[in-house]
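K.L.:
The primary structure of each chain is shown beneath.
Protein chains: 2
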Amino acid sequence: MARRARNSRKRDMAQTGPVPSPHIQRTLPHFDVLDDEQLSRLEGQVDWILQDVGIAFRDDPEALELWKREGATVEGDLVKAPADWIRALCAKAPSEFTQLARNRDRSVTIGGKNQVFAPVYGAPFVRDLEGGRRYGDQAAFEDLVRLTYMHPNLHHGGFVTCEPCDIPVSKRHLDMLFAHMTLSDKPHLGAITEMSRAQDSIDMAEIVFGADVMAENCVIMGNVNTNSPLLVDRVVTESARVYSARGQGLIVVPFILSGAMGPVSTAASVAQAMAEAMMVCAYVQLIRPGAPFVLGNFLSSMSLKTGAPTFGMPEPVISNYAIAQLARRAGLPLRCGGSLTASKVEDAQAAYESADSMHSTMLAGANFVLHSAGWLEGGLCTGFEKLIMDADRLGGYQKVLSQGLDTSDEALARDAYTEVEAGGHFLGCGHTMRHYQTAFYEPALSDSDNVESWEEGGSLEMRQRAHARWTQMLQEYQQPAIDPAMRDELSAYVAKRKEELPDAWY
Amino acid sequence: MARRARNSRKRDMAQTGPVPSPHIQRTLPHFDVLDDEQLSRLEGQVDWILQDVGIAFRDDPEALELWKREGATVEGDLVKAPADWIRALCAKAPSEFTQLARNRDRSVTIGGKNQVFAPVYGAPFVRDLEGGRRYGDQAAFEDLVRLTYMHPNLHHGGFVTCEPCDIPVSKRHLDMLFAHMTLSDKPHLGAITEMSRAQDSIDMAEIVFGADVMAENCVIMGNVNTNSPLLVDRVVTESARVYSARGQGLIVVPFILSGAMGPVSTAASVAQAMAEAMMVCAYVQLIRPGAPFVLGNFLSSMSLKTGAPTFGMPEPVISNYAIAQLARRAGLPLRCGGSLTASKVEDAQAAYESADSMHSTMLAGANFVLHSAGWLEGGLCTGFEKLIMDADRLGGYQKVLSQGLDTSDEALARDAYTEVEAGGHFLGCGHTMRHYQTAFYEPALSDSDNVESWEEGGSLEMRQRAHARWTQMLQEYQQPAIDPAMRDELSAYVAKRKEELPDAWY
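Read top to bottom, the protein sequences are chains A and B. Residues 43 to 548, numbered by our numbering, are exactly what the first sequence covers, in order. Residues 43 to 548, numbered by our numbering, are exactly what the second sequence covers, in order.
For reference, chain A alone in the conformation it holds in the complex (with noise of 0.2 Å):
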């Protein structure tokens, strides 16, 4: 298709499938745990960090060439610089951004009061009940863009929600990428793990918006880790250059085990991936100004005993409630948390897990949220059963922030106690029925039978029901509507692609 079709392209969007799944508008207040002093502590530490530590940018000239022009201080592959130049070149990027989706109802906006969930990323393994543990494999990959796709709780399909491990791996990220655009029509990530991959993502991204809505949109995203403590490679450096430098989002993430990859301490491990992620973000304005940036932060804590990092622990508990604040402050929208466990099934310890983790993240006002669901084995694993609990449990955190609570005059029922009297009950009152259908989040997965009824239908617990689910989930898809010339030129392009790129397993 030549570029001018292509650029004239409009929305593609046939309104069928699942209700659209928009973010969360938040109007809950943020809670912010740090005072003054604390605030002024660890932005001081981020700065001395920036200034006096320096952050290494390593195997890559053109990155430490572009540092050098602009003014910082290079020694070796260290770059250090003054923090307000940082901060100023950081107050570049916006403070909230929308991703485009395909179908339009399902675009995203990441940044201030709003909050995007995405399912887990990067899992080598699945494991579902049926199936047991096992490596992913492009069937289950698919079907878990599907089930994203489906779930009214998940706003973005993220991107490796499993390895396509039959895949060969200098050419799985072709067909994520065409899952994700043709099974779903919500917003993804794209490739990062090589640049040529990138190029691919966004070549890719470009037969679905078009270049003209590109230039103007952000329609994908990369996300990347660095390489702390201290450092960033050319994966990171790399995708700056082609995911910023075309004005697409890039999300820069410390992944951060407290006393290996950092201090072992909580607050200076903050102030670390601040420094790490403030960085990054300096750069890609340096390549774009106003290039979308999300400032992430992934900490987690660890085992006495092992040594293995541990998670819905109190640190990283406080953690994402501390650089939260921190984010809000330096006006960038921030990736932390998710609902991270260390358990190897779907088992009380995930959900506990879960669940600190995931309140955590949600209250503290995470602009986007990769692995909100399905996460297992400190995220080694993709659980089926996994992801579709954790979602139906999203869709209560969807209410806590969007809905806070209600204190305008019907919601506060004077007329229902016209009606009750003292010991009465409130159940066929005018405003119960006003209300009751609407009144409570009503979760998929949760039973809450008396003992007699549960038993009755087979004691099932709570993975059980989230494995008929989902089967039945997948028996009922239907693929959302794509314009075919769209699909075959994705399509010409994979194979294009597949016939260039050697096969390579590593």
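Possibly wrong hints are sitting among the right ones.
Given that identical chains are not distinguished, each listed pair holds provided it fits within a single copy or across any two copies.
Using 20 Å as the maximum straight-line C-alpha spacing, the simulated SDA-like pairs for lysine to any residue come out as follows [what the hints assert, rightly or not]:
hint	residue 1	residue 2
1	K441	Q80
2	K122	R456
3	K540	Q241
4	K540	D451
5	K347	L469
6	K540	G420
Since the hints were derived computationally from the structure, they do not count as laboratory data.
Given the structure of chain A, go ahead and fit chain B onto it with the hints provided.
P.N.:
The following block gives chain B in isolation, referenced to the frame of chain A:
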């Protein structure tokens, strides 16, 4: 034992047994979800209920007499009173007070920035992995008292940790009190179901603490529900006459299933709970100004499918934050929330719901949290595994609340950055060596092993690990030291009262 001997009884504490589990002294700021306008709308509604709607005091002419004498408007059994008078009476209640424990190291302060966790209360059934679901009995009850005593994250014994259904209803309070007083040395509650049972509780507490200590201190409390909507029955007013008149604590809890015992609106239900509890607080202050009082709130949402109460849902989550803000404004200690769930078993549903319920309870600043561990089936069943799993999670909340984020120089760890280079690791640096042993909360029941180790260990789920843990704890249980004379006197009191009382099973 003569009163004089009892009065002169000193701390009879042997410092044996599990480590002291002091309550939480919060340093984390509170999370205020309501703005000034919402606060004044809710408080206006409370005032309207107090003044214009009224609250019935039923089946207790003595209570109505007192209200009349003090100047309230009494219409039938409906009591209406000027809101500022009720608020002025509530202001006489202490904003925080200490409940002494037999072991003074375990005394708890309730109110202000203090938060106290107690186990489930009132379940007729118990469940564990080996014995399944069955009626509670005295043996199970005593084991639950032992476990609560031993667990460092439970600060308070509560009272009816399960119903000992093998003991006549008319007598079981005596056995429960005896168990709390001799198998544990933590603070606990007393009976409220009948005035004579409340009196037995006070009398037995007097054996433990002596009349002189009791004249000056809270050593026992009663926990009673109002009969929502807007109804206070004689269980409440008689408990007030027994507990409050002696200067002992009273926790008054409107239990509101929105749409049944209150309007189908969280705001209206919260305001109604405030009004009901404040009216009783005012009544208590008329009986004895300064008597310790805890304002309670127990709000449940409802399943539209079945009408059954639901837990851990967004409506009670937001209500925890809202009622806490109102209680702080009223200057009254608060009881709300808990680790609540409608699940029948200790599965993921139980954990998700309990965690969201408890995370909000914790952050809200609830000063006394009954049901913080062990609750299943909407409160009908105490789970042994659930008790131990919930309690394990409470330690994380304790750390979040009491420590917040440490931003001291030592926490900022600047010296670590002189030792560790970009891309290096902090595993062996001086700062890590100084702190790694105390940096992270180490839960007993979360498994963070990799999947291979976990499978080698038998692929145990959290509930299986919890089962192993509580059975092990009971094997290691050692009864806390007690003055033999005190024990004998308690025993004699129970024996005498059991002779006097008929066996009654209702």
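K.L.:
The structure should be examined with respect to each hint, and the outcome stated for every one.
P.N.:
Against the structure, the hints:
When the C-alpha separation of K441 and Q80 is checked against a cutoff of 20 Å, the pair qualifies only between copies, where the shortest distance is 18 Å, while the shortest distance within a copy is 31 Å. Taking the shortest Cα distances, K122 and R456 sit within 20 Å of each other only across copies (16 Å), while inside one copy they are farther apart (62 Å). In the homo-oligomer, the alpha carbons of K540 and Q241 lie at most 20 Å apart inside one protomer (14 Å), although the nearest pairing across protomers, at 83 Å, exceeds that limit. Proximity of K540 and D451 under a CA criterion of 20 Å is satisfied in neither setting, with 62 Å inside one chain copy and 54 Å between copies.
Taking identical chains as interchangeable, the C-alpha atoms of K347 and L469 lie at most 20 Å apart only when they sit on different chains, with a minimum of 14 Å there against 53 Å within one chain. Taking the shortest Cα distances, K540 and G420 never come within 20 Å of each other, neither inside one copy (32 Å) nor across copies (56 Å).
In this structure, the earlier hints numbered 4, 6 are contradicted, and the remaining ones agree with it.
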